[in-house]
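Chains as they are written, first to last, in my numbering: chain L, 1216 to 1473; chain E, 3 to 331.
Hints are computed from structural coordinates only; laboratory data are not their basis. Backbone N, C-alpha and C fix where the C-beta goes; we use that ideal spot for every residue, glycine too. Any given hint could be a false lead.
Said to hold, decoys possible - Partner residues aside, some chain L positions facing chain E, computed with beta carbon under 8 angstroms:
| hint | residue |
| --- | --- |
| 1 | Arg1290 |
| 2 | Leu1293 |
| 3 | Leu1315 |
| 4 | Ser1323 |
| 5 | Thr1325 |
| 6 | Thr1336 |
| 7 | Glu1337 |
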Amino acid sequence: MAEIKLDNVCVEAGGARLLHNASASFRPGELIALIGPNGAGKTTLLKCALALMAPSAGTVTLNGRAIADFSPIERARLVSYLPQSRPLAWPVRVRDVVALGRYAYGASTTKLKGEDATAVTEVMRDCDLNHLADRRTDTLSGGELARVHCARAFAAKAPLLIADEPVASLDPSHQFQIMALIRAYVDNGGGAVVVLHDIALAARFADRLIWMKDGEINANGAPDETLTAARMKQIFAVSAMVAKDQNGWSLTVTGRSA
Amino acid sequence: MKDRALIPLLSAIALAAIIAACLIGSTPMSPGRLLAALTGAGGAGDAIVLWEIRLPRAIAAFVVGAALGLCGAALQGLLRNPLAEPGVLGVSACASLGATLALFYGAAALSPITVPVAAISGALAATALLAIAAIHTSSVVTLILIGFGLSSFAGALMALLLNLAPNPFTLSDLISWTLGSVASRSFDDILLAAPFMIVGLVFIVLSRRALSALSLGEEAAHGLGVDLPRARGFVILGTGLITGAAVSIAGAIGFIGIMAPHLVRPLVGYDPARVLAPSAILGGVILVLADIGVRLIPAPAELRLGVVAALIGAPAFVWIAIGRGRTHG
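With the rest of the complex left out, here is chain L (with noise of 0.2 angstroms):
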């Protein structure tokens, strides 16, 4: 078991205020898609829950603990992270990135073995990997290369998962496979916080949507209770026709309101 607590969490930098008294928990056996505009506070509230950033007041607890004191091999072992950009300096085979995701157990992409290799293996085939494990991430394709990364992230076995824009740029086929393997990682027993700027895809797989705007947190609710018409308006500033059936929700946007 592993839960992140923000409590009244604030960060202000240059004077600006990037985060304001913002309070949730993340914890295992749901999936938390964080929605807003951009600009809204949505990374800095990952990054702060991460220890990446230290709030300028409120506190950020993992598991009752200041996630500050942990040390970050502690941390990584019950928080994995998937940032928002995912720069490869090398190509990197795409084995090697995958097995990256154990670091915090002392795995080395030279010599894997015992847990570390089953792991891998594990992830390697839950994201459909096992043929391209020995090829040059440089010769990937978009939705390959986001799967490479999901599996690292997957691989920590960790009880949370925090993923930036995970689906960002993929195509629709590519977001709805990232979204279900992360869904089947939070039905494996997993936590995920998710930041998505697809509000279909995010109700259609979320357990529970947090809003964010100008920094703050303006719901945080199921789908059912917290996507509307008026919320779309209030949070995003456009006017959207949104309807649920038996297919799942379906959102278009109709334009900018005034």
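Once you've looked at the hints, dock chain E against the given chain L.
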């Protein structure tokens, strides 16, 4: 796996290169005479040529090349930039400056160890500054800029010293230090540098997993559990110690630290941890071969190793960079 065979293969090539360096010279030595000199069965002249001149020189070339190859690979992994090497962070320049200062003020005459100690001090001063900067900044670009400033400043001070050199003898001394050479190095020179290199090596070996993780960028590496300030500090300290020690043996020699990792990288799947050891061995091989070249090329004065290394290294580097530009767009 290809990379399993790489290290033994390179080691065999290194051994062959060092043996060749002992055989070849102004008076060629036959393998039989070399074996006799090695076992102490040969003539006194051969023994002196082997133990006092050729073997120390070949080993010095190998050690310096290995040091530079390793440091280049480690810094490239840390900074995620294939152009990084000790020169980029100003460590070589500060080490040379230390050595030059000792020569300029005549401290070199006091004891043979003054110059090496001064070079290592220069490198350590530079790495201490970089280590402090590394703890306070998370930006690699800032670190490169600090290195660039250090390098320029050390270069300016060197130029000033050359400018003020009291007599032509000192000037030629200073120049030979700046151009780099392993001629007339003894085992003592190598032994003096060895402890610093070993400590530096430990720091780099401890950071190798972090270097692999850094392939994914600093944010992802943090997420994986990498202690970034520690990793930066270790790599910078390690490369500082090793580079300072290498400069103390041979002066400033460029391009090995860029060339060796570039050649090795595709053979080991581009993994920064796997690049380290083969880069070191290949760096050593390149410098031993370059030094054989230095001794064979007929010239009015013996060519400087640093000059020859740059003459091979620079075009090779440009060629590699063009190839890289093509594949990486």
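Structure-based check of each hint:
no.	hint	in the structure
1	Arg1290	holds, 7 angstroms
2	Leu1293	violated, 10 angstroms
3	Leu1315	holds, 5 angstroms
4	Ser1323	holds, 5 angstroms
5	Thr1325	holds, 6 angstroms
6	Thr1336	violated, 17 angstroms
7	Glu1337	violated, 18 angstroms
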